[in-house]
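A.B. asks: Sequence:
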Amino acid sequence: MYPWGEFSHQIWVCDRLVELSTREFSMIETFVRQPKQVISREQLLSKVWGYNYDPSSNIVDVYVGYLRKKLGSQLIETIRGTGYRLLT
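Okay, so the sequence shown: first residue is 1 according to full-length UniProt numbering, each after it adds one.
It is worth saying that the hints were derived from the structure and are not from the lab. Incorrect hints may have been included.
[Unchecked claim] No more than 27 Å apart at the CA atoms, straight line, and that leaves these computed lysine-lysine pairs for DSS-like:
id, residue 1, residue 2
1, K70, K47
2, K36, K69
3, K70, K36
4, K47, K69
5, K47, K36
[Said to hold, decoys possible] Listed next, with one range per pair, are the computed distances between beta-carbon atoms:
id, residue 1, residue 2, range
6, W12, K36, 32 to 40 Å
7, Q34, G65, 27 to 35 Å
8, R16, D54, 31 to 39 Å
9, P35, G65, 15 to 23 Å
10, L17, T82, 29 to 37 Å
11, Q34, Y66, 17 to 25 Å
12, D61, V32, 17 to 25 Å
13, D15, T82, 27 to 35 Å
14, V62, P35, 37 to 45 Å
15, G81, L17, 28 to 36 Å
Cβ coordinates follow ideal geometry from the N, Cα and C atoms, glycine included.
Generate the whole structure from the sequences, applying the supplied hints.
C.D. replies: Spelled out as structure tokens, the structure:
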């Protein structure tokens, strides 16, 4: 992963500029600030959406899917039963 435009919500990945939504950008920023650390769904909901975890919500999983499509499937690792981790 390469530098990004914090205000434009763009990120450089392997020589290509990728546009991210506000929430996608906030998620990737959360991962980058805690590299190689597992971040729980609860933490992502709190930091990105600003509310407490609802066990029935799959919104975090959906947005991780969006990021994988845009940035590559190998970038974000699923830690079963725990959360996600950014691989660098």
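A.B. asks: So which hints don't hold here, by number, going up?
C.D. replies: Those not satisfied are hints 6, 7, 14.
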